[in-house]
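Protein chains in written order, with the numbering used here: chain A, 1 to 405; chain B, 1 to 405; chain C, 1 to 405.
Treat the hints with caution; some may be incorrect.
The list treats identical chains as interchangeable, and a pair is accepted whether it falls inside one copy or across any two copies.
Within a straight-line C-alpha distance of at most 27 angstroms, the following computed BS3-like cross-link-like pairs (lysine-lysine) qualify [as the list claims (entries may be wrong)]:
#1 Lys393 with Lys216
#2 Lys267 with Lys320
#3 Lys402 with Lys320
#4 Lys267 with Lys164
#5 Lys164 with Lys391
#6 Lys163 with Lys267
#7 Lys163 with Lys208
#8 Lys164 with Lys216
#9 Lys402 with Lys391
#10 Lys391 with Lys216
#11 Lys393 with Lys151
It is worth saying that the hints were derived from the structure and are not from the lab.
Remember, predicted model here, so these are calculated numbers, not experimental data.
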Amino acid sequence: MKPIPPHIRVVFPGRASFHIAQMSPVNEFLSPPGPDGLRHCQTHYQEQQPPPRQQQLPPVFGGPHYRHAPEAFAMQESMLLVKQPAGVETLNLQDSSFSTRASVMAEDANGIYCRSCSTEQVDAAIFKCFLRVHGCCARDGQTQLTVRHQKDGIRNIVLNNPKKRNALSLSMLTSLRSDILADVDSDDLRVIIISAEGPVFSSGHDLKELTSAQGKEYHSRVFEVCSEVMSLIQDIPVPVIAKVNGVATAAGCQLVASCDIAVATEKSTFATPGVNVGLFCSTPAVAIGRAVPRKVAMEMLFTGAPISAHDALLHGLVSKVVPEERLEEETMAIARRVCESSRPVVALGKATFYRQMAQGRDAAYTTASRVMVDNLALRDGQEGIRAFLEKRKPVWTNSTEKEHE
Amino acid sequence: MKPIPPHIRVVFPGRASFHIAQMSPVNEFLSPPGPDGLRHCQTHYQEQQPPPRQQQLPPVFGGPHYRHAPEAFAMQESMLLVKQPAGVETLNLQDSSFSTRASVMAEDANGIYCRSCSTEQVDAAIFKCFLRVHGCCARDGQTQLTVRHQKDGIRNIVLNNPKKRNALSLSMLTSLRSDILADVDSDDLRVIIISAEGPVFSSGHDLKELTSAQGKEYHSRVFEVCSEVMSLIQDIPVPVIAKVNGVATAAGCQLVASCDIAVATEKSTFATPGVNVGLFCSTPAVAIGRAVPRKVAMEMLFTGAPISAHDALLHGLVSKVVPEERLEEETMAIARRVCESSRPVVALGKATFYRQMAQGRDAAYTTASRVMVDNLALRDGQEGIRAFLEKRKPVWTNSTEKEHE
Amino acid sequence: MKPIPPHIRVVFPGRASFHIAQMSPVNEFLSPPGPDGLRHCQTHYQEQQPPPRQQQLPPVFGGPHYRHAPEAFAMQESMLLVKQPAGVETLNLQDSSFSTRASVMAEDANGIYCRSCSTEQVDAAIFKCFLRVHGCCARDGQTQLTVRHQKDGIRNIVLNNPKKRNALSLSMLTSLRSDILADVDSDDLRVIIISAEGPVFSSGHDLKELTSAQGKEYHSRVFEVCSEVMSLIQDIPVPVIAKVNGVATAAGCQLVASCDIAVATEKSTFATPGVNVGLFCSTPAVAIGRAVPRKVAMEMLFTGAPISAHDALLHGLVSKVVPEERLEEETMAIARRVCESSRPVVALGKATFYRQMAQGRDAAYTTASRVMVDNLALRDGQEGIRAFLEKRKPVWTNSTEKEHE
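All chains should be modelled from the sequences, with the hints used to inform the complete structure.
Okay, structure coming up:
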């Protein structure tokens, strides 16, 4: 392990995001800019109880959606996103004991991300990032675990490790998290589609990472990050659609269950076979048990036997089953429909759905009724109603501006 | 706005119910009869925190069913029901600053209700009510928003504004609430069927009521009353059946989801298209999210696309799908089956179902086990068992009398 | 009622279990062995509030699975299981005022149980038990209410009172409980199948036990024990499969809903007809309401009408519907599949599933993530992964030994 030089200064000439994804269970935070205009990134190790992060988080972090979902903070404990709309961003890494499992990712204004790398490569990564921001191509010879591209508000994230059956290794999870979170509060993003390269959507965790040799702390980290990614899908302000064409097992099945919507081809199958390798699918069961009836979940979990796409539809694990040749079209139809609505209205609706569903009926109505009134106060809320009454198409601002108080 | 004269005295010569449905967020209560035999209705305005009502409620209010469901009180905050089994009922309206949005409804012993009206018409309304109780016909030239008729224990409530697609305007909701609550604790009422006139079951809220011009307080009131009506359906002691023949959207779909049972024709469709007009169906989602799997709810909410009656059945939004020509017969078969059972047994069962479903398994069993023992102590509980053992039809008392302590 | 002699000493020459199932609401506990090597069984009557049992329970009671499910203790309040792996077991019954409704059951090392009996017969029962352990056949002329046999890890429990439509009388429930709990923590037991003799799976409670003549306390006891058995099915460490070929009504339907998995034949039907005999199926609704959509549960409960096996499958009440001739095969296929996996892995997974499902999403992920890490620390957890990576069949220890801390 090579120590990080105490002061790496990187100058980003454009709008850029800088992620620090810390694999080991540490706390880290960025200071507000000092008199020299620098932010300081402090990383603390070995602390078992993370201090309350809300107070220490720089104001630059997170969008309004996280504000009323305090668990979202905890979820993103190990990822800090520094946005500098324009001009110079200087990052100070003061800690010299960076773990080898730490990774640094950076992405430019277009949401194109730089490969994650171990800290030994941090200089190179930052350099590559620098190049990217300048429009240069930074290749590092490795296949990207996930591929992201975005157009007209629709972000496609493709699990891109078909040789390893798109196993949700820690790197894959981190890469997926990074692709989900990148500029997630930007108005340009309206919906996310998660699909996969190859015949296996995802086979779940990488069992090689779960041996005694890796150690308990590493195992903990894997399930923490996995739970974080699964929860993140439900907590971000845009809908997430799983586009499934093949086998989805264990945490791969959990990923499908966690998405807001799932479109699957007829040949797709779903299973939780962990019990067969001595690792009961207990974390996948959190998502699957909340998606399908108990008896269905139980049979899947106890036998490990796959269910067909048809049965998955019947029991609510997926939203739609289509012939393979129509998968793209049907998924895009849903995605485009989301794009036709107002961003803050969808964001408010999604957050409220999950919030009220965790409450009793009466509390749920109190929550949802208040949100309806807030929704109506939005400029887009009133524009929608006006357009309806005037029999014309609405023109959304997609902003959170209010029409009335 | 015409001030209400401080003392309107109305004499009802028969058994009568008198509703005061107050649209504005006020508190009001009826005093116990004074030395002059009068009850005083006091109305307070502008209070933000309603005082605890339980203590102030006159003993005449509510049946035993509301006693162990404290939320039912809050729900009916703005409606007080004064029953006078026989003789003279005198009502004193002491407040002179009645809002124009207030309405007064009265109904006679046969459950025939008097039209709601603005307070400017209060004298006339009370007069009409008076006439009704005397068997006269009080017509006011307006179409009734809901029509109610009751026979052999089965109450039919028909949404009766087909020109406006049976929009759940505040008046419609109030009228519906009134029809649901009227004599709801009477032994004569065994089951309620909610249906609609015209090709649209209900299109949800009236968007004209949700503009900035109406103002935030009015919006709040709309969703409060709507949530109240939806909850009421589940909290009253008799089953409520939705009889759907057509389109049910937004709060109209919520109404179907809120009913205990729903019978729909094959052509019926269900949607939550609020997102298309910039108003995400967050309150409908409270009922729909508790009726269908999450993935189904999410796709409906994010896309606004309708689902067929078949899919609604598949996912639990309706109980039965029938050809149009069999809708009446199938709905009545269920209603009549309810009428064949003992009223207090059904009431106990319904209340317990919703109560235990909100609890964890062990607490639910404690609740339900106690109720079973209470149920067995009822005269009708023992009669049912005796009849079964003696191989004869049971003869219900339909009373809450006990066979043993 | 004949008083129990203060000191009955019974010597079991083999490994044996001794159950004391106490029907009346009493507290009882066994002392740790005294200097004379005897355990004392103390029975307290008339106490309304049971004292905290955890502290008083002898270490011999219960397996590790009960340790982290405190409700399981309360559940088994009236049953104490004394295991003596080998040698002499002497039981001291010091209380002379045994209730007539108490029963004593004993079973030998092969899990063959001795008939339950009233306390008047206690001497005889213990004597028979003694005979059984010595390999003699103890017949008492009565048909056994449940029949249990176990082979290759698969325990079959057959409801065996077809003449009474396998009514879940208190004796039947007690017998079923005894069959479920017998040696439930033994590694020899991997899965339980509950089936029934005759065309009726079970018709629910025995209505003759629910008359006023029996009294409120007895009714309470019936529903307590019933709730206990239903909960027990979900709380024990092995999966329980209902194998249904016929009618399952009321508590019989509840039994199917409570099992982890249910395989039913096409001709099977399911109903909650209590409302027809004046006893609303409120306790069955606890299990059924958690298995099927609300609208389905409500229609079943309010009308009492049966649903087909097909509809039961559609709505999640059963896991699989098969032709009658394939019932045995399909059920055994699932059971054998369970036997192929590691016992502690299945036990951990089952307990975690129910635990996390009662929590909110974030707490559920915290629970399940910890369990995954614990699962990986098991010798069998690591063996499974090794076998997978080495492409061979795993060889389970089926013990809770750890590979790493």
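Exercise for the section: First find the shortest C-alpha distance between Lys267 and Lys320 inside one copy, then the shortest across copies, and answer within, between, both or neither for a cut-off of 27 angstroms. Expected result: Close inside one copy (13 angstroms) and across copies (21 angstroms); limit 27 angstroms.
Problem - Intra/inter-copy verdict for Lys163 and Lys208 if alpha-carbon distance must be at most 27 angstroms - result: Cα proximity of Lys163 and Lys208: one copy only (15 angstroms, versus 57 angstroms across).
Exercise for the section: With 27 angstroms as the alpha-carbon cut-off, assign the pair Lys393 and Lys151 to within, between, both or neither. Expected result: within (22 angstroms within a copy, 47 angstroms between copies)
Practice task
Pop the pair Lys163 and Lys267 into one bin, within, between, both or neither, using alpha-carbon distances up to 27 angstroms.
Solution key: Close inside one copy (20 angstroms), not across copies (47 angstroms); limit 27 angstroms.
Handout entry: Homomeric proximity label, Lys402 with Lys320: Cα distance no greater than 27 angstroms
Key = Classified as neither: same-chain Cα gap 36 angstroms, cross-chain 43 angstroms, threshold 27 angstroms.
Practice task
Go through the copies and call it for Lys164 and Lys391: within, between, both or neither, with a Cα cutoff of 27 angstroms.
Solution key: For Lys164 and Lys391, only the inter-copy Cα distance (15 angstroms) is at most 27 angstroms; the intra-copy one is 53 angstroms.
Exercise for the section: Go through the copies and call it for Lys267 and Lys164: within, between, both or neither, with a Cα cutoff of 27 angstroms. Expected result: within (20 angstroms within a copy, 45 angstroms between copies)
Problem - Intra- versus inter-subunit Cα pairing at 27 angstroms for Lys391 with Lys216 - result: Between. Shortest inter-copy distance 24 angstroms satisfies the 27 angstroms Cα cut-off; intra-copy 61 angstroms does not.
Handout entry: Status of Lys391 relative to Lys402 across identical chains (alpha carbons, at most 27 angstroms)
Key = within (22 angstroms within a copy, 61 angstroms between copies)
Problem - Homo-oligomer pair classification [Lys216, Lys393; C-alpha up to 27 angstroms] - result: between (56 angstroms within a copy, 25 angstroms between copies)
Exercise for the section: Give the relationship of Lys164 and Lys216 under a CA distance limit of 27 angstroms: within one copy only, between copies only, both, or neither. Expected result: within (23 angstroms within a copy, 55 angstroms between copies)
In summary, the structure is inconsistent with hint 3 from the numbered list given earlier, while agreeing with all the others.
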